[in-house]
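**Student:** Now for the letters of each chain:
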Amino acid sequence: MLDKIESLYASFQNEITPLDKQADVLNLKASYIGKKGSLAEVLKGLKDATPEERKAIGPRSNEIKKNIEQAIVDKLKDLEVKEINEKLEKNKIDISLRDSLMENGLQAAGTHPVHQIQRKIEDIFLSMGFEVLDGPHVEDEFHNFEALNIPETHPARDMQDTFWFADKKHLLRTHTSTIQIRGMEERKPPFAFVGPGKVFRCERTDTTHEMVFHQLEGMMVGKGINTGHLIYFMKTLLKEIFKKDMEVRLRPGYFPFVEPGFELDIRWKKPDPKDESAKHSGWLELLPCGMVHPNVLRAGGVDPDEYTGFAFGLGLDRLVMVNYQIEDIRHLHRGDLRFNEQFSFF
Amino acid sequence: MLISLNWIKDFVKLPEIGIHDIANDFTMKTAEVEGVEKRNVHLTKIKTAKILSHKKHPEADKLNLVTFDYGSGTAEVVCGAPNVRDGLVVAYAPIGVTLPNGLTLEPKKIRGVLSEGMLCSESELGLGEGSKGIMELPEDTKLGMTMTEYLDAKEDYIIDVDNKSLTHRPDLWGMFGIAREFSAIYDSPLCTPFSSDWQKKLEGLFTKDKSPITPKVEKDCSGKAFWGLSVDGVKVEDSPQWMQDRLNAVGLRPINNIVDISNYVMMELGMPLHIYDRELIKDNTIHVKLSGKEQTFTTLDEMERKVLPTDTVICDSEKPLVLAGIMGGANSGVNDNTSKVFIEVANWQAEEVRKTSVRLGLRTDSSSRYEKSLDSQLTYRTLLRTLELIKELCPEAQVIGKAEYDGDDLNAEKPLEITTSSKYLNNILGTSLSFEEIKKILTNLDFQVSEEKETFNILVPSYRSTKDIEGQHDIAEEVGRIVGYDNIPVKSPMLGVNPVGLTPYKQVERKVQDFMALKANALEVMSYPLVGKKLLEKASWDNLNEEMVLINALSTDADRMRPSLIPSLLEMAAINTKNFNSYRFFEWGRAYLPETKNFVNERNILSVAFFNKECTPFLSLLNVVEDFLNYMKLPAKFLGEGELKGENPLMPLSWRGKHPYEYQDIFIRGKALGVVSSVHPIVLRDFKIKGHLSIAQFDLTDFTKTEIKTKESYKPLAKFPAAQFDCTVLVDKGQQAADVLSIQKKLKIKDLKSMKIVQVYPLNETQNSVTVRFSYEDPEKTLEPEVIKSYEDQCVKNLESAGFPLKS
Chain E
1 MLDKIESLYA SFQNEITPLD KQADVLNLKA SYIGKKGSLA EVLKGLKDAT
51 PEERKAIGPR SNEIKKNIEQ AIVDKLKDLE VKEINEKLEK NKIDISLRDS
101 LMENGLQAAG THPVHQIQRK IEDIFLSMGF EVLDGPHVED EFHNFEALNI
151 PETHPARDMQ DTFWFADKKH LLRTHTSTIQ IRGMEERKPP FAFVGPGKVF
201 RCERTDTTHE MVFHQLEGMM VGKGINTGHL IYFMKTLLKE IFKKDMEVRL
251 RPGYFPFVEP GFELDIRWKK PDPKDESAKH SGWLELLPCG MVHPNVLRAG
301 GVDPDEYTGF AFGLGLDRLV MVNYQIEDIR HLHRGDLRFN EQFSFF
Chain W
1001 MLISLNWIKD FVKLPEIGIH DIANDFTMKT AEVEGVEKRN VHLTKIKTAK
1051 ILSHKKHPEA DKLNLVTFDY GSGTAEVVCG APNVRDGLVV AYAPIGVTLP
1101 NGLTLEPKKI RGVLSEGMLC SESELGLGEG SKGIMELPED TKLGMTMTEY
1151 LDAKEDYIID VDNKSLTHRP DLWGMFGIAR EFSAIYDSPL CTPFSSDWQK
1201 KLEGLFTKDK SPITPKVEKD CSGKAFWGLS VDGVKVEDSP QWMQDRLNAV
1251 GLRPINNIVD ISNYVMMELG MPLHIYDREL IKDNTIHVKL SGKEQTFTTL
1301 DEMERKVLPT DTVICDSEKP LVLAGIMGGA NSGVNDNTSK VFIEVANWQA
1351 EEVRKTSVRL GLRTDSSSRY EKSLDSQLTY RTLLRTLELI KELCPEAQVI
1401 GKAEYDGDDL NAEKPLEITT SSKYLNNILG TSLSFEEIKK ILTNLDFQVS
1451 EEKETFNILV PSYRSTKDIE GQHDIAEEVG RIVGYDNIPV KSPMLGVNPV
1501 GLTPYKQVER KVQDFMALKA NALEVMSYPL VGKKLLEKAS WDNLNEEMVL
1551 INALSTDADR MRPSLIPSLL EMAAINTKNF NSYRFFEWGR AYLPETKNFV
1601 NERNILSVAF FNKECTPFLS LLNVVEDFLN YMKLPAKFLG EGELKGENPL
1651 MPLSWRGKHP YEYQDIFIRG KALGVVSSVH PIVLRDFKIK GHLSIAQFDL
1701 TDFTKTEIKT KESYKPLAKF PAAQFDCTVL VDKGQQAADV LSIQKKLKIK
1751 DLKSMKIVQV YPLNETQNSV TVRFSYEDPE KTLEPEVIKS YEDQCVKNLE
1801 SAGFPLKS
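Those protein sequences? They're chains E and W, same order as listed.
Mind the numbering: the first sequence is residues 1 to 346 in the numbering used here, read in order.
Mind the numbering: the second sequence is residues 1001 to 1808 in the numbering used here, read in order.
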């Protein structure tokens, strides 16, 4: 009898495979495991079997019945999937046509590369407790020069090629250092802030010179702020920008609004160990900085006998150009989207 | 500024380290070195030689084959010089030498004859113009000497220092001052030859005679100090080779011994001076005064200069001789026949020299030094050093009388005294230097330091206090730079921790940038805040912003602040229509409007451009704008053409670029702060833009000053189902479909949740069918069918009475 059941199961398996209609599958199910199905027929003979035979047949026949039920369920699902897929095929889309492959005009979007680096630096300083300030582009002589320790007769005024308005009192700010003064006027020490923005120089434009460019000013004032602290923040800034420890050097630099004043250079090219002169080259002048001149603190309403501070200025365009190896600074203001799209977010 | 290392070594012993290390130390401790060059290398390989015989080149008439003896052998070269003759002593450059003009001598056949190097002219040796042909050396010159030995021109290194980094250091515009820096950098004693014995020795040359010239300096002019000395019996000729070599080394052209001495002393001591031919000074009068009238004056360089009444000039009894501190005149300079001279060593007010030199565009070695504020105390030393060199080069020269002076009382000037403490210096530098270390650095820099108690006093050398050194912060720099900033310990300050947030300005800026990039799919651009009249006119922009014109613009294309971002936007749009069929860009920039009280009113503007070649992007832009205002939490009203009372400052009514239909004013918090418009084809044509351009402008200045505050609350979700009702009405084609929605205001249905347009369908020539969907919702209960029915009736009635009949 066991043999009969086994051969029944085998013939079920043979029969179900070629079926491709739901009704046929259901009929097959009825013919094998329905109330009057062949399995039930065979099992009618169970009453004549010996107790030993029953022990063997009972579990096996249950198992086969379960298998058949499962096979039927699977088969029905398969048939249904096949049916749906046929419909899906009719509505098939061409998944190769991604926007980026289509001539759909310009799809790129994103912010200007100078603003991208500016925000990155703003965020670095925000994370270290610096506010982010701004100021007017059209300035007066006081904020651009006098307050920054550059009196009218100072040769440094020659160094800053200034755009003047007809009243000869107003001008376009030549540096973001004006933000130092405005920031100090509104605050009591201790404080720390950065101030990014546009600056203007009356300078013929060429591939490396612009009449409009961007600086980021920074200032920290408090009790006992010293040169070592300045270097700490500068090194931290560079490490965050370049995501590695940068080799830097600090050398004397002359700016009327700081004393002592420094130029901070970063190592930009690896020196050639064979070349003696190369040991001292490969430096990129990146940011002027220094301890705020007492006259500047005073102009901002801060008592220099009580407080000290540092300040720095960073050229953002320079950083962008170096970072992306841009050959012509004038691209930044030209608005040719073939340039801007290269810095797009997506 | 070029520094000759050999010259420096006259005054200080340098350590045995490479030139690049020396240059680097100078960069790190004093001022930036821009380059280092080795000088006179070729002269070590060029030898003196005597011509033994010469004969014509077989192939060329103008060339000679010259055989000569160079001490350790003989050689033959092909030579084209006209002055070749037997017995002539010449300079021979063998194969392998690289001459200053860059030519490296290689074994080479000239017209078939091999030449073993060349005989050189002065100019080929880098020794100036010289005479025609090869250089002729005296007959008794020892053969086989190197030119280095012969010329006493040693190999040298020239260090080029960035002038800008020396702006504040008038004392570093001479070799002696530079030597003092090296003395401090290397803690190596400065050898100063200018002792009191030296002074006495030179004063011994003065005579009892009455000085022929006694200078007179008027108080109201820029003269601060003026020394004059008359010397007779000078002989004008070429300077000795060593002096010419040094002047060449620092970039000055040798002229004659007297002029060269004045340049040499200036390069050595940093103080300019002037030597006159005394016989050209009328009536032996030297009068320093304001010009008093406008006149023309011919300077040494043969250029006519306009002198203003307020310029200081040095005059004789009838005419100006020198433009004070800037340049001498062509009428009184030293010439080949000069034998009697008058030496002037003076000091001038820096600002006056600078003003005149800037005005005349005449920057000389002299004016660029004076404008940095020189020290009057150094004038006498400079005069004596000049005299010393004149006696050295013209031993027959005789002083007549003595050094005569007029000007400020030099003894009245007291040295600047600064009080500081080790604590202050260490506090500002972040160092822990001992008093002894500080004292050593300052002493090497010629400061006098008193003993330390709590504080100590420093006497500043007069040449450092003309402007540079004012207070103890300046002392901190002196100490810091010599210690080396790289040797300062780096540490974070210990500060209180406070929260920092973004200012309203930054919040707006970031939201604008993020939204425009991520949601509006636009690229950010930057245009110049400066524009020109031409662009404004091209954009039909009537406000030319004449009040915001710069007086020193670089070009008329960028000579004023922009009154609006629209003209620059159009210019950029034009650039890009060539390359793209569609694009979107935005700028977050400023417009600058004149204002009486504050001179200028800077407005923070968001400017957006959408372009499409085929169809108008106006509606896409309008949708973006609506989203933008929601994102900014700025509730706004959109007003169509003619709905706004008064003018929108962002886009004047008269602007020709305004579109007659695709136009909306945006009213935010009681002000017209935005506008969206397509640009009229007539303006597009002026920019050669072919396609459709829609633009938006927002003035967000108000919201950059105070944070945008909003009330936001939550409404519980509806518990009962909403009922919807669609109906289709007829709308004339001349009307806008959304006009249908205007009936909402008239409906008195508290349960009305929304009314939206589902579909617009063109029905016939004159009418559209517009399907609208009403949605009703009661938060408390499910709406009864009869209530819904009454709502529906009310809606239909209102639609019909508003002129929108139901479609049958």
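Treat the hints as calculated values from the structure; they're not laboratory data.
Hints may contain errors.
Unchecked claim - DSSO-like, lysine-lysine: derived pairs with alpha carbons at most 30 angstroms apart:
no.: 1; chain 1: E; residue 1: 274; chain 2: W; residue 2: 1029
no.: 2; chain 1: W; residue 1: 1633; chain 2: W; residue 2: 1533
no.: 3; chain 1: W; residue 1: 1533; chain 2: E; residue 2: 168
no.: 4; chain 1: W; residue 1: 1797; chain 2: W; residue 2: 1511
no.: 5; chain 1: E; residue 1: 235; chain 2: W; residue 2: 1711
no.: 6; chain 1: W; residue 1: 1491; chain 2: E; residue 2: 223
**Student:** Does each hint hold? Answer for all of them.
**Tutor:** Evaluated hints:
{"no.": "1", "hint": "274/E to 1029/W", "verdict": "26 angstroms, holds"}
{"no.": "2", "hint": "1633/W to 1533/W", "verdict": "37 angstroms, violated"}
{"no.": "3", "hint": "1533/W to 168/E", "verdict": "21 angstroms, holds"}
{"no.": "4", "hint": "1797/W to 1511/W", "verdict": "45 angstroms, violated"}
{"no.": "5", "hint": "235/E to 1711/W", "verdict": "43 angstroms, violated"}
{"no.": "6", "hint": "1491/W to 223/E", "verdict": "15 angstroms, holds"}
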